[in-house]
Amino acid sequence: MNFIIVGCGRLGAELAYRLYSQGNQVTIIDRNPLAFNNLDPTFSGRTIEGEALNKAILQRAGAEHADGLAAVTNSDTLNAVVAHAVRMEFRVPQIYVRNYDPYWRPLHEAFGLHMVSSSSWGAQRIEELLYHAEIRTVFSAGNGEVDVYEFTIPAAWIGHLLSELISDIQCLPVAITRAGRSSLTSPDMILQQDDILSISATLQGIQSIRQRLMSLKEA
Amino acid sequence: MIVLISGGGRTGTQLATLLILQNHDVRLIEYRSEIMTRLHKDLPTEAIYEGYPTDPKVLELAGIQQANIFVACMPNDEENLATCYLARTLYQVPRIIARVNNPRNAWLFDDKFHVDVALDQADVFASLIEEEMSLGDMMTLLKLRRGEYSLVEEKVPAGAKAAGVAIKDLSLPEECIIAGVIRDGKLILPRGITILEPGDEILAITDRRGAGQLASLLASTTENQP
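Which chain is which? The protein sequence lines are A and B, in order.
Residue numbering for the first sequence follows our numbering, starting at 631 and increasing by one per position.
Residue numbering for the second sequence follows our numbering, starting at 6 and increasing by one per position.
Think of the hints as simulated: they come from the structure by calculation, not from any bench.
Given the structure is predicted, the values throughout are model-derived calculations rather than measurements.
Careful: at least some of the hints might be erroneous.
[Claimed, not checked] In the SDA-like style, the derived pairs of lysine to any residue whose C-alpha atoms are separated by at most 25 Å in a straight line are: (1) B:Lys62 - A:Asn704; (2) A:Lys685 - B:Asp128; (3) B:Lys62 - A:Pro732; (4) B:Lys62 - A:Gly680; (5) A:Lys847 - A:Cys801; (6) B:Lys166 - B:Ser225; (7) A:Lys685 - B:Pro80; (8) B:Lys117 - A:Ala686; (9) B:Lys117 - A:Glu739; (10) B:Lys117 - A:Gly680; (11) A:Lys685 - B:Val129; (12) B:Lys117 - A:Pro736; (13) A:Lys685 - B:Lys62; (14) B:Lys117 - A:Phe720; (15) B:Lys117 - A:His744; (16) B:Lys117 - A:Met718; (17) B:Lys117 - A:Gly692; (18) B:Lys62 - A:Ser830; (19) B:Lys62 - A:Glu739; (20) B:Lys62 - A:Tyr733; (21) A:Lys685 - B:Glu153; (22) B:Lys62 - A:Leu743; (23) B:Lys173 - B:Asp128; (24) A:Lys685 - B:His119; (25) A:Lys685 - B:Arg93; (26) B:Lys117 - A:Phe741; (27) B:Lys117 - A:Val746; (28) B:Lys62 - A:Asn773; (29) B:Lys173 - B:Ile200; (30) B:Lys117 - A:Tyr726; (31) A:Lys685 - B:Lys173; (32) A:Lys847 - A:Met718; (33) A:Lys685 - B:Arg151; (34) B:Lys117 - A:Ser705.
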């Protein structure tokens, strides 16, 4: 597949190298030629020094036939504008932007672009770990608005109905793992010792679960 | 009229000053601290809004919902483009004008980012100079269709190719029409059979290419000889 990456900082260089090592055609654009020093020495995709808003540069990078483009510079405005320009002019099927500063997330939303908010995602992960190590995040949907978490049920929950315990609208039980086998959950399920519960929840939802686990611990 | 301007550089400030003099309600958005002090000297405080023009909160504070016109004058094209896009998609501003900083980015300043009028300073300047250089004594009275056409005026000098020739025989270019001839202080509405005389002043509507050809028909031939 043919991919174009705009911005050869840490994220751009890492992404370029990953795509390249999987056998894809990768072209990376940066206005500063020194930025290409961030690339792994074994990377031999194409590098283009220039402004990504320049149509001739985009064409040289192969925007007409690209399968995907990622705008990952450290300027949110530039990422959004490059992505929108490419979407309007070249119809590249997959376009993603990096939301660098969480403050500018609304800008990407206004453009209706698919984004990855690397800073807020990382901060949220670490925040959760600091609060509670027992609850692990196993899957993250979107930019972490909804995550799937798993934890071993506390002793106080043994023998209770699943529906009495998880009734918050911000959480949804998705699976239960009992003696190494997982199954889908049902509201009338009775919890047993060492059950591992997987639930999908918003940050708000998981916080209320954490608080309950915390108060059980203290009790 | 309520006019919102982003960017308090020379262009933005000059425009704001001009519009305030004409009693328009002007709001200018700027965040560059190095410009702020100067800006406060040049413009009334109530016209200045401090913040990023790409931030909807700042735009709303400056009253973009009521703006009749938005003018993007930041020195950075991506910022201008993003702000124009927000001005139309989030706030339905009816008229959007943007300055193009880098002529290579001019292709983006259209419907793609909801720019109604793009002013490419380098291009405008270059074509003005080019016109001044190539058109000799021809004077541009009025620009039409964003400068695509002009109303021009030039005198027929003695010895010009066009002197003594009927308009229909001038072989004028397609995009050029002689709209009036001023002779002895009177305006004559020209017909095909009107014969141009030395000393006539010609008023013509023409595109840029036509203007060049008209200028060569009206050039005094003695001047052109080495």
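With the threshold set at 25 Å, check whether the alpha-carbon distance from A:Lys685 to B:Glu153 stays at or below it. The hint holds at about 24 Å.
Is it true that the CA of B:Lys117 sits at most 25 Å from the CA of A:Ser705? Given pair B:Lys117, A:Ser705 holds - Cα atoms ~20 Å apart, limit 25 Å.
Please work out if B:Lys62 and A:Glu739 have their alpha carbons no farther apart than 25 Å.
holds (14 Å)
- Below or equal to 25 Å on CA atoms is what counts here, so check B:Lys62 against A:Pro732. This hinted pair holds, its Cα atoms lying about 15 Å apart.
- Query: Are B:Lys117 and A:Tyr726 close enough, with their CA atoms no more than 25 Å apart?
  - Reply: holds (18 Å)
* Asked: Is the straight-line distance between the alpha-carbon of A:Lys685 and that of B:Asp128 25 Å or less?
  -> Roughly 17 Å between the alpha carbons, so the hint for A:Lys685 and B:Asp128 holds.
### Query
Does the structure keep A:Lys685 and B:Lys173 at a Cα separation of 25 Å or less?
violated (45 Å)
Taken at face value, is the distance from the CA of A:Glu739 to the CA of B:Lys117 at most 25 Å? holds (17 Å)
Compare the distance between the alpha carbons of B:Lys173 and B:Ile200 with 25 Å, and conclude whether the hinted pair is satisfied.
-> This hinted pair holds, its Cα atoms lying about 9 Å apart.
- Query: Has the given pair, B:Lys117 with A:Val746, been kept, meaning a C-alpha gap of at most 25 Å?
  - Reply: holds (23 Å)
Check your understanding: Between B:Lys117 and A:Gly692, does the CA-CA distance stay at or below 25 Å?
Key -> Satisfied, since the Cα-Cα distance of roughly 20 Å is no more than 25 Å.
Practice problem: Decide if the proposed pair is consistent with the structure: B:Lys117 and A:Gly680, CA atoms, cutoff 25 Å inclusive. | Solution: Within the cut-off at roughly 22 Å; holds.
Against the hints set out earlier in the document, violations occur for numbers 4, 13, 18, 23, 31 and 32.
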